[in-house]
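Engineer: Sequence:
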Amino acid sequence: MTQATPRDTFEARATRLKEVVAALEKPDVPLEEAVALYKEGLTLARDCRQRLEQARHEVELLTREGQPEAAQ
1 MTQATPRDTF
11 EARATRLKEV
21 VAALEKPDVP
31 LEEAVALYKE
41 GLTLARDCRQ
51 RLEQARHEVE
61 LLTREGQPEA
71 AQ
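Just so it is clear: in the sequence shown, position 47 is 47 by full-length UniProt numbering, and no numbers are missing.
Calculated from the structure, these hints are not laboratory results.
All of these numbers come straight from a predicted model, not from anything done at the bench.
Certain hints may be false.
Simulated restraints, written as ranges between beta carbons of each label pair [as the list claims (entries may be wrong)]:
#1 32 <-> 67: 52 to 60 Å
#2 28 <-> 67: 52 to 60 Å
#3 12 <-> 56: 15 to 23 Å
#4 23 <-> 67: 43 to 51 Å
#5 67 <-> 27: 49 to 57 Å
Note that the Cβ used here is the ideal one computed from N, Cα and C, for glycine as well.
All chains, full assembly: derive it from the sequences and hints.
Structural biologist: Quick look at the structure:
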């Protein structure tokens with residue numbers, strides 16, 4: 001198993017996404033920079049969503065494994 005670098009964590013990506021959104025909300029962002037930020041934001045949002053879905057799925061599996069057979 002490879003260890004994630006601090007920049008690869010969900011929390012780091014979510015924080016960067018917030019920074020991107022804040023930058024895009026500024027009225028004086030040049031068009032080219034805004035487009036680049038938007039692309040980065042889409043990538044970050046997609047990745048965060050996938051990681052959340054994966055975590056949710058893992059929790060569901062773990063929860064099912066901990067339940068008695070009759071409850072399933």
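Engineer: Next step is simple, just say for each hint if it's right about the structure.
Structural biologist: Each hint tested on the structure:
no.	hint	in the structure
1	32 <-> 67: 52 to 60 Å	holds (53 Å)
2	28 <-> 67: 52 to 60 Å	holds (55 Å)
3	12 <-> 56: 15 to 23 Å	holds (20 Å)
4	23 <-> 67: 43 to 51 Å	holds (45 Å)
5	67 <-> 27: 49 to 57 Å	holds (53 Å)
Taken one by one, the earlier hints all hold for this structure without exception.
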